[in-house]
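K.L.:
From first to last, the protein sequence lines stand for chains A and B.
Position one of the first sequence corresponds to residue 1 (the numbering used here), numbered consecutively onward.
Position one of the second sequence corresponds to residue 1 (the numbering used here), numbered consecutively onward.
Treat the hints with care, as some may be off.
With the Cβ distance kept under 7 Å, some of the chain A side facing chain B (calculated, not the full set) [claimed, not checked]: (1) SER324; (2) TYR334; (3) TYR348; (4) LEU366; (5) ILE376.
Heads up, simulated EDC-like pairs for lysine to aspartate or glutamate below, C-alpha to C-alpha not over 16 Å straight-line [what the hints assert, rightly or not]: (6) A:LYS90 <-> B:GLU43; (7) A:LYS7 <-> A:GLU36; (8) A:LYS385 <-> B:GLU43.
Simulated from the structure, these hints should not be mistaken for lab results.
Just so we're clear, the structure is a prediction, and the values are computed from it rather than from any experiment.
Just so it is clear, CB atoms sit at the ideal spot from N, CA and C, and this is done for glycine as well.
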Amino acid sequence: MSTVTSKLTEKTAAELIQIQAKGEANAETITKAFLETIKAKDPKVKSFLLVNEEAALTTARLIDSKRSKGEKLGPLAGVPIAVKDNICTKGTPTTCGSKMLEHFIPPYDAHVTEKLHHADAVILGKTNLDEFAMGSSTENSAYQTTRNPWNLDCIPGGSSGGSAAAVAACEAPISLGSDTGGSIRQPASLCGIVGLKPTYGRVSRYGLVAYASSLDQIGTFSHDVTDTALLLNVIAGKDNRDSTCTSTEVPDYTANLELPIKPFTIGVAREYFAGGLDAEVEKSVREALNVLKSKGATIKEISLPHSTYAVATYYLVATAEASSNLARYDGVHYGHRSKDHKNLIDMYCKSRGEGFGAEVKRRILLGNYSLSSGYIDAYYLKALKVRRLIRDDFDKAFADCDVIAGPTAPTCAFRIGEKSSDPLSMYLSDIYTISCNLAGIPGISIPCGFNSKNLPIGLQLLGAPFSEEKLLHIARTYEKETSWHLKRAQIP
Amino acid sequence: MAITADQIKWIAHLSRLELKPDELIAASTQLSSILNYINQLQEVNTDHVEPLAHALDVCNVFRDDVLKESLNVNEALANAPDRQGNFYGVPAILE
Numbered sequence: 001m002s003t004v005t006s007k008l009t010e011k012t013a014a015e016l017i018q019i020q021a022k023g024e025a026n027a028e029t030i031t032k033a034f035l036e037t038i039k040a041k042d043p044k045v046k047s048f049l050l051v052n053e054e055a056a057l058t059t060a061r062l063i064d065s066k067r068s069k070g071e072k073l074g075p076l077a078g079v080p081i082a083v084k085d086n087i088c089t090k091g092t093p094t095t096c097g098s099k100m101l102e103h104f105i106p107p108y109d110a111h112v113t114e115k116l117h118h119a120d121a122v123i124l125g126k127t128n129l130d131e132f133a134m135g136s137s138t139e140n141s142a143y144q145t146t147r148n149p150w151n152l153d154c155i156p157g158g159s160s161g162g163s164a165a166a167v168a169a170c171e172a173p174i175s176l177g178s179d180t181g182g183s184i185r186q187p188a189s190l191c192g193i194v195g196l197k198p199t200y201g202r203v204s205r206y207g208l209v210a211y212a213s214s215l216d217q218i219g220t221f222s223h224d225v226t227d228t229a230l231l232l233n234v235i236a237g238k239d240n241r242d243s244t245c246t247s248t249e250v251p252d253y254t255a256n257l258e259l260p261i262k263p264f265t266i267g268v269a270r271e272y273f274a275g276g277l278d279a280e281v282e283k284s285v286r287e288a289l290n291v292l293k294s295k296g297a298t299i300k301e302i303s304l305p306h307s308t309y310a311v312a313t314y315y316l317v318a319t320a321e322a323s324s325n326l327a328r329y330d331g332v333h334y335g336h337r338s339k340d341h342k343n344l345i346d347m348y349c350k351s352r353g354e355g356f357g358a359e360v361k362r363r364i365l366l367g368n369y370s371l372s373s374g375y376i377d378a379y380y381l382k383a384l385k386v387r388r389l390i391r392d393d394f395d396k397a398f399a400d401c402d403v404i405a406g407p408t409a410p411t412c413a414f415r416i417g418e419k420s421s422d423p424l425s426m427y428l429s430d431i432y433t434i435s436c437n438l439a440g441i442p443g444i445s446i447p448c449g450f451n452s453k454n455l456p457i458g459l460q461l462l463g464a465p466f467s468e469e470k471l472l473h474i475a476r477t478y479e480k481e482t483s484w485h486l487k488r489a490q491i492p
Numbered sequence: 001m002a003i004t005a006d007q008i009k010w011i012a013h014l015s016r017l018e019l020k021p022d023e024l025i026a027a028s029t030q031l032s033s034i035l036n037y038i039n040q041l042q043e044v045n046t047d048h049v050e051p052l053a054h055a056l057d058v059c060n061v062f063r064d065d066v067l068k069e070s071l072n073v074n075e076a077l078a079n080a081p082d083r084q085g086n087f088y089g090v091p092a093i094l095e
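Excised from the complex, chain B in its bound form (with noise of 0.2 Å):
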């Protein structure tokens, strides 16, 4: 199965990707071959079989709704690329 170029584009859009136009073709022959390869799994009979997402048993894990330290402001914000006072800097949402 062959994925288009015009297919990778949409695909990188919805994943907020920007990719250069050698990136966008050897994307979309990569791809294809993969998809060619993964194709393989139609031949499973699926009829009645659930999917299984996880391998545990385990399901709604909770915790008691206490208090407990976090991290302060200073060491959460320490790694963000633009710090303005106490908040995450970002480009113009609203223009």
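Only chain A is shown next, with the shape it has when bound in the complex (with noise of 0.2 Å):
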């Protein structure tokens, strides 16, 4: 690989806009560049289940000949961009990384899908995940595990694990992924890179394998925070085809991300800085308080008392609603269908028992047990109200503070293997992520520090509904003091 185009590579979607405009690079060159890198670093990350090359190619020299004739261009023009598999993409397989969609292509394309097109973005592939976005390490994927950008041995995070590392090893400058319960925030810490999920309702789940629909949220990976915003830009606001994306306007995200910040103040809860918080970790993010304190920002010590329910919570509600968001595959309409069966019920019962991984199973398993009969009110409806109390602390934290400010998990990435035989360890890991979707507000991920053995810390910001805004611009004002997000992991 050249200089030149690995010298492409490890800019920012904002930068490569920029070298287009000057005329330095075209969208064709660029997209070979991003294209030669997933050959020469994929082998040994693996964030692709699919790449495009065809495809990508084409709309690249598409976009090139508009521009040559001076044609209006897209937001994104020739930028490149990785999509989670579990988001639709019309005539290019959607797998969720289940066996049980390995040979399922969509009819359609999801809303931001379609926004992408609309930006002139150029789709590169379809990153890995664990199976329906199930896990916190991308090994629940039933086709291949991917890797650490900074250190193959250790895990991405996940679920959006492919899209988190195609990033941090600069095979695409941004990516989509989704979060449920940390999916964004999580894998972007440990990959050290931005994450950002906004407000539930703030972008469109139109084409979004369903997961858990109430908590489910298509969100964005970026190297910096204002490519962050670029691509919030494109993909958020109203769309009929999801009935709960809501009218709420949308600003301008870019707008105010240089402007001086006014005094604000961030809320720092103590539950986030308890037990099971690695000491480096802990370290990494109080400097990073230091950092904005010295750029006006008041530290308020609060308290989010029921947030050390929020994975007793997750785990009720998240189940029940996979538990019936996966009744859907059945062998009938699309997905694998069990050759050997004896009759209708048959054929589900090994459809799904063929066609589903351990973590679904276990997941669907859970959430039917905590809907049936004689264990609803103890389980489901006592989450639910355990729910409410987590928002309301929320609500109540927003009344004084601009911002929550803590860890995005409680340790740097793990190694493969460490807690796939312990479920409930590794539901764990999204201690400080969970409660976010349970309340539905808005969380960023950004890079504040490195451990002592190179490894990635994540800040973590959490906003009152919509306030994406002033998150940005807050985590922002925080980037600019320091060097993090310019970091590129180097892979042997």
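Build the complex from these two chains, which are given one at a time in their own frames, with help from the hints.
P.N.:
See below:
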């Protein structure tokens, strides 16, 4: 790989837009550089389940020809992007990392996929994930285990591990993921990049394969906050095909980023610095708070008393919704059908038994158990009540604070296989990210340091509903004072 | 709280999920430990708390009742494991 192309792949989306505007490189050259990098690095990193080389190059050439004719171009013109493989792409397989959907080719595009096409982005391919987005390490994929670009023996986090690793490995400048309990923010933290989960209802879920519908939200990965804003500008906004997608006005999220910030208040929840938090992670996060303090932030200690119940609440709400969402995989309409069956019910049971992996089965069983007669009051309804208490905690906190800051994950990336035999310890790696989905609020993870083993650490900022503009402004204010976001993983 | 292999078998049947014998044993140990953890919710006082199913205050979003283009038959059936003419093929329902 030449130095010129490797330099191109280390650029941000905003820089790639500039480079094209100045005529230093066109979309085809840029796309080729990323495709070359994927060829060189992905056999090791394993971010992608599918690379659509031909389609990417065709799109890139079309954009170049539009540019040469002086036609109007979209806001992401010629910027390559990777898409998590639970987001539908018309005519291109969408597997959800599951054998169940091994041969599934969506007949339509997700809303966000359409938006990317209209923005003239270049879709490079589909990225690996924990099966049906259920997991925190990407080890639950039926196809491959994605590696952390900072240490190939470690997990990238999950479930959007492929999309996070692709950006961290410079195989794509930006990518899309989905976040149900931390599936964007936790891998962003573990891979040393920026990951945003927007407010529930900010981005249409049309064409996102459903896991837990009241928690799922599509969001972004990028090297820095400016690219997050650029990509959010493209995907946010009303879509009638998702009735939970609101018509709340979409501002230009890039507009304020470089402006000086007015004094603001950061809430620091004591529950987020309790037992189980790695000392090196805590140190970096505390240093980040000091940086924000130097930029005019008032630090206020707060309490989110019900946050300790978030993981328990989540695993009832999410699995209850999953058990009903995944009932659609019946071996009839699409997806795997068992070849060997005695009757209709047997066909359902065998198709699902063969098509789903261990974690998906576990969550369907837990969900149906908590919804079953005799247990629904003690489990599912109880969880919905605690969910309200968790949201009330946030409402109270945001009455006094602009954002809540803390660690994104309790530890840095762990080793492959370390937690895969103990589901509960895996669930606890989402302890700081999960309550955000239950409350429906936005959250961002930004790089804030490295541990002694050179593994990245993330700072999480949570905001009130639809406060993405403020959240990004504060994140950018921190980022400008630091250089963590400029580091790129070197893959041996 | 322990969940027995028989209970798992029943839930698996309700879930239309065939489990192999080793999956059944693993599920009963793992779900018991997860349920034990989840039981901490019982310590929370939720008297007079309304359940929250959804974070947004939206309900009954309606659209105008107008015809719109949708998938044609070929597109809708393209992923069917067993297509029979313009229908989905299924094993016999009445025996």
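K.L.:
For each hint, tell me whether it holds in the structure or not.
P.N.:
Against the structure, the hints come out as follows:
1. SER324: violated, 10 Å
2. TYR334: holds, 3 Å
3. TYR348: This hint holds: TYR348 of chain A lies near chain B, its Cβ roughly 4 Å from the closest one there, short of 7 Å.
4. LEU366: Hint on LEU366 of chain A: holds, closest Cβ of chain B at ~6 Å, below 7 Å.
5. ILE376: Nearest chain B Cβ about 11 Å off; hint violated.
6. A:LYS90 <-> B:GLU43: violated, 48 Å
7. A:LYS7 <-> A:GLU36: Within the cut-off at roughly 12 Å; holds.
8. A:LYS385 <-> B:GLU43: holds, 13 Å
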